[in-house]
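> Here my numbering is used: the first residue of the sequence shown is 1, the next is one more, and so on.
No lab work stands behind these hints, which were simulated from the structure alone. Be aware that one or more of the hints could be misleading.
Derived pair list, reagent style DSS-like, types lysine-lysine, alpha-carbon separation capped at 30 Å [unchecked claim]:
hint: 1; residue 1: Lys145; residue 2: Lys181
hint: 2; residue 1: Lys145; residue 2: Lys168
hint: 3; residue 1: Lys168; residue 2: Lys181
hint: 4; residue 1: Lys153; residue 2: Lys168
hint: 5; residue 1: Lys153; residue 2: Lys173
hint: 6; residue 1: Lys173; residue 2: Lys145
hint: 7; residue 1: Lys209; residue 2: Lys173
hint: 8; residue 1: Lys5; residue 2: Lys100
hint: 9; residue 1: Lys145; residue 2: Lys100
hint: 10; residue 1: Lys153; residue 2: Lys181
Label pairs and their computed distance ranges (CB to CB) [stated by the list, open to error]:
hint: 11; residue 1: Val176; residue 2: Lys100; range: 45 to 55 Å
hint: 12; residue 1: Gln7; residue 2: Val233; range: 33 to 43 Å
hint: 13; residue 1: Cys151; residue 2: Val233; range: 21 to 31 Å
In this text, a Cβ means the ideal position worked out from N, Cα and C, and glycines have one as well.
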Amino acid sequence: MLQLKIQDIRRATLPVRSGNEGWIGVSPNGDAYHVVVPVDVQIARGVMACNKPSDGTPFGGYSGWLYFRCPPYEDESVDEERTREDQVLQTAASLVRFLKSYEIQSELVMEAAPGDSELDSGDMPPTETAWADRSSRISQRESGKLWCQACGKTWTNLAQFLRDPGLKLSRYKACVEDFNKGAYEFSHSCGSSVGVPAARFIKSRSCGKSLVGSHACPGLCYYDSSLLSCSAVCEGSPYRRIADRLAVRNGKKT
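Work out the full structure, taking the sequences as your base and the hints as a guide.
See below:
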């Protein structure tokens with residue numbers, strides 16, 4: 001039985017912003033596999049459209065091997081790590097089914113970590129509950145706790161924080177010198193507010209230059225109470241899209 005390491009599937013699951021994707025190649029008799037990453041999306045699509053190779057891979061590979069595409073994950077969610085883990089879960093399930101259609105039996109395993117045990121799927125992928133539990137532990141280690149200084153309530157991680165109905169986004173305080181240093185402010189049911197650094201929602205990345213102060217800038221970042229999205233091609237736009245999505249979820253648009 002072929003053992004597929006979860007960390008290999010995760011390694012092949014790239015963010016959409018990268019412009020690349022990962023593929024997993026499996027030998028015809030199912031006794032070995034390898035990961036091909038990164039593969040340029042545009043090049044892959046172009047080759048596949050013009051001359052689809054018999055081995056199923058647009059980038060070359062071992063003749064006769066089966067190649068499985070690992071779809072990229074959306075990278076502008078409020079909890080990118082959880083979004084990635086959800087995509088890894090879906091890909092893992094699809095990969096097991098894909099191989100089974102070729103009569104190749106496989107199981108999903110992961111490196112043991114404190115508090116984690118190996119996931120053995122047999123013919124089935126790991127359950128969503130098991131995966132969510134592990135994802136929660138990862139989120140807690142990487143994100144840390146959030147708390148309300150007024151009432152003392154704590155949230156284990158960002159995902160738990162955002163699921164709390166007692167919290168609503170009230171302001172987005174942009175830092176136009178460095179958007180990653182901005183903050184989202186949530187009103188709490190206790191009557192106080194909780195500020196969360198923008199860096200907790202989105203990883204710092206190059207999204208083009210800042211248009212703040214130019215004619216192309218609508219000036220939304222100068223108003224904390226404005227939660228509208230911005231259509232300008234500016235490095236601050238992804239942060240405003242997050243504010244907009246949170247506002248829509250709360251039923252508030254300003």
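> Now tell me, hint by hint, if it's right for this structure.
Results for each hint:
{"no.": "1", "hint": "Lys145 <-> Lys181", "result": "holds, 18 Å"}
{"no.": "2", "hint": "Lys145 <-> Lys168", "result": "holds, 18 Å"}
{"no.": "3", "hint": "Lys168 <-> Lys181", "result": "holds, 20 Å"}
{"no.": "4", "hint": "Lys153 <-> Lys168", "result": "holds, 15 Å"}
{"no.": "5", "hint": "Lys153 <-> Lys173", "result": "holds, 23 Å"}
{"no.": "6", "hint": "Lys173 <-> Lys145", "result": "holds, 21 Å"}
{"no.": "7", "hint": "Lys209 <-> Lys173", "result": "holds, 19 Å"}
{"no.": "8", "hint": "Lys5 <-> Lys100", "result": "holds, 17 Å"}
{"no.": "9", "hint": "Lys145 <-> Lys100", "result": "violated, 41 Å"}
{"no.": "10", "hint": "Lys153 <-> Lys181", "result": "holds, 24 Å"}
{"no.": "11", "hint": "Val176 <-> Lys100: 45 to 55 Å", "result": "holds, 53 Å"}
{"no.": "12", "hint": "Gln7 <-> Val233: 33 to 43 Å", "result": "holds, 35 Å"}
{"no.": "13", "hint": "Cys151 <-> Val233: 21 to 31 Å", "result": "violated, 41 Å"}
Violated hints for the displayed structure, listed by number in ascending order: 9 and 13.
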